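Listed here are the chains, written in short residue letters.
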Amino acid sequence: MRIIYTDVLVVGGGLAGLRVATGVQERGHRVIVLTLVPPKRSHSAAAQGGMQASLGNCAMGWGDNEDIHFEDTVKGSDWGADQQVVRMFVNTAPKAIRELTHYGVPWNRVRKGKHTAIINAEKVEIEEREEAHGLITARDFGGTKKWRTCYTSDGTGHSMLYAMDNKAHENDVKIHERMEAMSVIHRHGRCYGVVARNLMTGEIVAYIAKATTIATGGYGRIYEVSTNAIICQGTGQAIALETGIATLGNMEAVQFHPTAIVPVGILTTEGCRGDGGILRDVDGYRFMPDYEPEKKELASRDVVSRRMIEHIRKGKGVPSRYGDHLWLDITILGREHIEKNLREVKDICENFLGIDPAEEWIPVRPTQHYSMGGIRTKYTGESQTLKGLYACGEAACWDLHGFNRLGGNSVSETVVSGMLVAEYISDFCDSPQSHIGISTGAIEDFVRIEEEKIRRLLNNDGGEDAYVLRRAMEKIMMEKVGIFRNGRDLQDAVEQLEQLHIRSKNISVFRSKSYAANPALVVAYRTQKMIKIALTVAYGALLRTESRGAHAREDYPMRDDINWLKRTITSWPDPEQTLPTVTYEPIDILEMELPPGWRGYGKRNIIENPDSMIQQAKIDAIRNELLARGADRFAIQKALMPYEHLLPEKYRGRNERLYERFDDEKDEV
Amino acid sequence: MSEPKPRKLKINILRYDPHVVGDEPHIDTFEIEEAPGMTLFIVLNDIREHHDASLKFDFVCRAGICGSCGMLINGKPGLACSTLTSKLPEEINLAPLPFFELIGDLSVYNGKWMRGMNERLETWIHHKEKELRSINRIEEPMDPDLAEEIYELDRCIECGCCVAGCGTIQMNENFVGAVGLNKIARYKLDPRDERTDADYYELIGDENGVFGCMTLLGCEDVCPKKLPLQSKIAYLRRQMVKTGLNENVTKCNCLQHEEKMPEH
Amino acid sequence: MSKLHHSRVPAYLDFTQSLTGLLLALFIVGHIIFEGSILLGPDAMEKMTLFFEGYYLFGERHPIIVTFLAIVISILFVVHAALAVRKIPSTWQQYRTFRNHMRRFGHEDTSLWMVQVVTGFAMFFLGSVHIYMMMVNPEKIGPYLSAQRVVEGWMWPLYLVLLFCVVLHAFIGLYRLALKWGWFEGKNYRRSRKIMKRIMRAAIAVYILIGLASLGTYVSIGLNLENTPVEKAER
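Line by line, the protein sequences are chains A, B and C. Read left to right, the first sequence gives residues 144 to 812 (the numbering used here). Read left to right, the second sequence gives residues 2 to 265 (the numbering used here). Read left to right, the third sequence gives residues 66 to 300 (the numbering used here).
The following block holds chain A by itself, in its conformation from the complex:
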């Protein structure tokens, strides 16, 4: 048995994982990153549209700041987010983007003078400031008041991931490629690493660390069609769940992106609509203004996706052999814009649809895209219940996104949470609590369990076919736990998934019996994990009898702030239980900086909590009083909901902007 010791173990080599790794390495801790694929192939690379950060360099972003970014994000989350975490995030995002610039991301830049843009299907002339020339520009994205989404053409995630991985090379971060974490090693409520399997040789290795970080992304692949990469299977969440101690948060919060191409479900970026693209129905009619007169195509993703389905249900979809779809029209942006700023979209249209998006409309349909849920953590990224286990990025429920994530906030979260969590982990590693107190014998037990599981899968004869179970699960999730949900379907889904879960214990690996590189074996053990994750999603959705953000119940269309302003917490304490255990974590309105209200888009369908009024009155009073005393926005914010003390010291500073210049000598306004 091989045991590899390190200070910090990071599972997942995407943006979040790499940023944690470089962060702890720079603090002087040894780190190893385990990845399924070379880091540069991670799903972070597929983020096309951009990264939100309130730099306010471009004319349409002028005046932007943390407060507006905060408000947009909280509204986008339908008040599900942890507002302190949102504050930490919006303050760090500009720093993250500036750091990435230092690492080499080129970013598209402001060009001084006039240029035309398409806004609301009309040509508009915009004049950029002289002093902003060459600074990072931004584009419009859904659910934002300002143009805040910084981008590199439509390969933002790609350029960020490459810069980050290159930084990891520079820092000589150890990457163990094609290593899959199979289970979390823990003892007495403390996590000590993972058991991992080498996907090339089949070797089982124990990695022991003071702190273990899971940064494995989302679980979109439990759905039949998803924009996610095929490795986004929720195995990171699953191994945390299987400890029986760590918990998952808001697993039912699953985002559907409005514009994935039909039928393959590959994403076309929100940048298409941000840059002026519009949605059309079977008659070529632009329908979104009828539903969302203010934000139109640029309401938040959950809202646009629902409106699209509503419209299709009215018989306005475009029939095709793969079901109904709608059209995304970017022809109005002009060929030059498309070939420069939407190249990936153009490539995708050409390669997968055989069309030229500068000439033809793109067939699109809302498709599973993002997992707001994940490993429930404290603001430090540490599991609330399993010490030494950390999570960040999409794998975590930190909780920045609540029940709906804004476009551009996910890549932003990956690096921001990576930066912050790296500091908290380093602090932990520097403290005496990080002592590794597990015996070799105990480690060996964990390894043996995994070896035994694999042996059983390979030697089991006449059991279940993993592919059959997997396809059944995907179909159930697609049909019964989709954009619009209802009690009857969800009940069905949970029951059927429970049966699949029971059957999955008897999976056999047919035909392919190798212990080394063996895709059939991989499908087998991952399917077992995925069905558990699917159950947490479906069960959480069944229990939540309200509609909030991306979770839309037809039988409970109201957002219920009285009974449901709380997070779903899921665990699996007994391996023999066939349904997860669900509890709830309340969200206190009286601690909010922005109490619940209407989002400004979507249906106004809210059961209001009286606390919201009380808190709003309290906030208004404080604000007015401070304004009368001439306090600035920072002082007001601090009075409403202090958060700075939570941030690592090095990230507490304010952010300079063209209209909030620092004193030349000091890093202050």
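The hints are simulated quantities; they were obtained by calculation from the structure and are not laboratory data. Only true hints are included.
Computed spacing ranges between beta-carbons, pair by pair:
no., chain 1, residue 1, chain 2, residue 2, range
1, B, ARG134, A, ARG464, 55 to 61 Å
2, C, ARG263, B, GLY76, 21 to 27 Å
3, B, HIS27, A, LYS521, 51 to 57 Å
4, B, SER87, A, LYS521, 47 to 53 Å
Calculated pairs, DSBU-like style, for lysine-lysine (alpha carbon to alpha carbon, straight line, at most 35 Å):
no., chain 1, residue 1, chain 2, residue 2
5, B, LYS77, A, LYS656
6, B, LYS189, C, LYS252
7, C, LYS252, B, LYS88
8, B, LYS189, A, LYS793
9, A, LYS266, B, LYS227
10, B, LYS77, B, LYS11
11, B, LYS6, A, LYS618
12, A, LYS257, A, LYS483
13, A, LYS459, B, LYS6
14, A, LYS266, A, LYS459
15, A, LYS483, B, LYS113
16, B, LYS129, A, LYS793
This structure is a prediction, so every number in the text was calculated from the model and none was measured. Ideal Cβ positions, reconstructed from N, Cα and C, are used throughout, including at glycine.
Knowing the structure of chain A, use the given hints to seat chains B and C on it.
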């Protein structure tokens, strides 16, 4: 509108599992009925699910973005995920990308080679001062056109197709390949990188670098991202010859370089 | 180790290979045209010969000039060959790997390189013989003497093969040189490459035709030499 009868595709796959004792490279043939919009991603997964669960291949994004699924498609390197079967003849030959370490069947360990290349060419921004003065401050401006030009080269997805299509590397395995040269061109463009031409000459001024390139242009013609490889390699060649032939440049920077060495 | 890296030699070698290649190719471009003057009749060829022997400059013939030219060319030839040999597969293993790659790939520019390798290799011998003969017997150039050499000296098979080798090698080489150094890239280098390739193909065709026609003419003159005493004819 009656649709024509779907074609029966004959998929010949070069298979070999180095982990299986006694296994020899051989061709397995599978017959698949073609469907509209079918890509090789769909074909291969279909084979794995319904015909042979042991078939090894790599996909991640399945959208032509991540660069995992490079393979020889009828002899030509390309991304399997974004190759429509409708653009291919009925008989399709698939083989792993040559040159890279084989994991099994169509799966190669090109991540390892790429990491080696990146480390060798130090493909990261070399700042004079490692730390940013302050991440709170407004970023350094960059010319908008230049930023776009850098991104143009930054679009490389390290899929390895250029390496597999390179005749030079067949005979000189230490050659950095178009992927490596493109990276140098990218950093050379970037004003944030303080490296001089002499520094780049250190990295690619030999037969394993730009002077090894014989301009066979396999790279240029197979690059799935249509990177301007031919043009950029030519540019580097001109620059590196200029640097190499200029006595002053090289000498002066050699000294600097040697002075720098002990600090490392 | 760092010393090796600092070496300027690779830059020199690369530059020199290209430069010698360019000069040789340009020489060939002219050479075949001059040779083709025979198509305009023996007199035209005669005048061309006289021109190269400096007759029009000095008023008398100096075949030594041709020797001198041949020496220059042979130096270029040797240098170019010595440098090019670095690139040629040196072991059977290498050759086989490349050939497999080429066959599997079916990529024109890759295959063209193999054409250059083969033609280059052939020219080691054919070219050397030809240049050496010109160097030592410069006075034996002329419509009838050359024809005599072609036919009676049994040089026509050598010239025939050499013609194909040299034309292919030179024009593929020129095409590759332009791409290698980024000449004539224009606004759209991909389009330029297509145009250059078309020019290359056309030039190869034209030059081979000219070459064949000239060679045919020499052969025909050579076969009729019995009726025309050589020495008399030359005066």
